[in-house]
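So the sequence lines, in the order shown, correspond to chains P and R.
In terms of our numbering, the first sequence is residues 1 to 306.
In terms of our numbering, the second sequence is residues 1 to 295.
You can take every hint at face value.
Label pairs and their computed distance ranges (CB to CB):
| no. | chain 1 | residue 1 | chain 2 | residue 2 | range |
| --- | --- | --- | --- | --- | --- |
| 1 | R | 68 | P | 36 | 40 to 46 Å |
| 2 | P | 119 | R | 113 | 36 to 42 Å |
| 3 | P | 55 | R | 41 | 47 to 53 Å |
Keep in mind that the hints were calculated from the coordinates and are not lab data.
Note that beta-carbon positions come from the ideal geometry of N, C-alpha and C, so glycine has one too.
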Amino acid sequence: MRRAAAAAEFDRRDASWWMDRIAQGCVFAGGISAIVFIVGILAFIATQGMEFAANRLSWTEFFGSIAWRPNGHPPQYGALALIAGTASITAVAMALVVPLSLGAAIYIGEFARGKTREWLKILIELLAAIPSVVWGVIGLNVMGPLMTDVFGVPSGLNLLNAGIILGLMAAPIMTTIAEDALKAVPDTYREAAEALGATKWQVVLRVVLPHARPGLSAAGLLGVGRAVGETIAVLMASGHAITVPESLFDSVRSLTATIASELGETAHGDDHYQALFVLGMLLFAITFAINLTADSIVRGIRRKKA
Amino acid sequence: MSAPASSFRATDRELASLGRQRLVRSFLLFMTAMLVLPVLGILAVLIWQGGPGLSLEFFLDDPKKNMTAGGIFPALVGTVWLTAVALLLAFPLGVAAAIYLSEYAKDSLLTRTINVAIVNLAGVPSIVHALFGVGAFVHFMQFGQSILAASCTLAVMTLPVIIVAARESLQAVPQPFREACWSLGATRWQTIWRVVLPNSGSGILTGVILCISRAVGETAPIMFTGAVLYVPFTPEGVLDQTMALSLHLYNISTAVSNVPPGLPFSVALTLIGVVLLMNATAIAFRMRLRGRKKW
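Work the whole structure out from these sequences, hints included.
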């Protein structure tokens, strides 16, 4: 009896109790919003392109043909050249910038000290802050003419140009994540190696890098994800030719650029509009898979550390 | 020469590895420079080419002669509209999500799913966000091409930025602060409202600034959802279409002909100026915060 009374005493249903309940509800709604949106994105893109993809799109043409002529008679929807465009730009960007990002991460994480380190980190952060369209202007108006002058190629807007721009855009996230991965290697490992007489570089090469390998590959993956998804800068710097490139100086066109340049000329719901949503679906699937893999690697490291 | 003295001298092998270390170190510095010098290079080019075009009239005039002359006033106003509305939508949602993740969520399947969703939302390509905006906000919710539709798209896109920054600063509030408050009989929400949030305000503000910086610079998500090539007036409500700085820059670089060569650089300089100012503020905030925190 007394116990029930005590419980009733604690179990107050006053204004602040209700406020607490309401707040918890609101906050929970906010919490699941990220899930709602990611599912929403998937659902909307899938449904917008579904009718066309299910009935009139030939998948062998989509993945097997390089003819992307949505306005042709009959229209052709071969995405192979666009996929090749995205793949080649990403590959060039990564080949140029993965070593640089790794080097920068090692320098910032292991060698730089004090103020230098702070400043380098800030500069890397500023590199990440430059808007996509400004990179595009640099590609179009600075790198393009420079490239025709230096290499004497007919078009300065090409695979190499887009690759350089895209690499620099993807570099900050790779450097940051790679530096985190280096930082996650326990200091005791470094101290043990240094006590054996190893130089700093020997410690990095033989102890730190092998231990940080999973985190470093996650960094690379996130860079790839960034490069695959980048839109406006690629649109402006890559030259916009639907071809499978044969040299660094060929103009190319990516999946993202195709959507950005053609969506404006479609009517809501027509085949072309739906085909662009199918490309969007493909992009979503690629980046989702990449991000999921990178995230599970990073999470695995964190769990092992704890 | 006596034996003990020579034992302190570095052997050839040790000298060689020290030499190698010095070489590698300068090479690594060179690689780092290759990444950070472009930032300074880009700034230099923009200031050199675009600086002379900047003036008060440039900021306050309408574009003239088919956008080949005049100023950028409507684009500036449009960008402020888009960013403000996006922030208005993303801020409450993002902070609520951060509070849930930091203060309520247990380590459950749901929490892990939310975290995966946040990471993936941040990784979705901007053009896919644009497609989502067109499908969901322009057509399904029937906002049409409007500031509202464009801002909703931007809000979804910048949501992860706010969530991650706010969650971090909430988690940085020491647990004893909360426990002290609970032991006084406060409810969970009272604790959050009176103790946790006030102690993480500056961190959340940093997130807001970064979110603004991101929203200002984005082009792809707004170009089909509400921002347009040219409107002869500044917007009066959220259902109007508008110009935007980033899209204006894209258009005068690609779609408009006979643009004087300095003009895109001037617009780019304005855009990057706004963005870098935002980021610099965020960085300065964070540094002051780190210096002041005593717990």
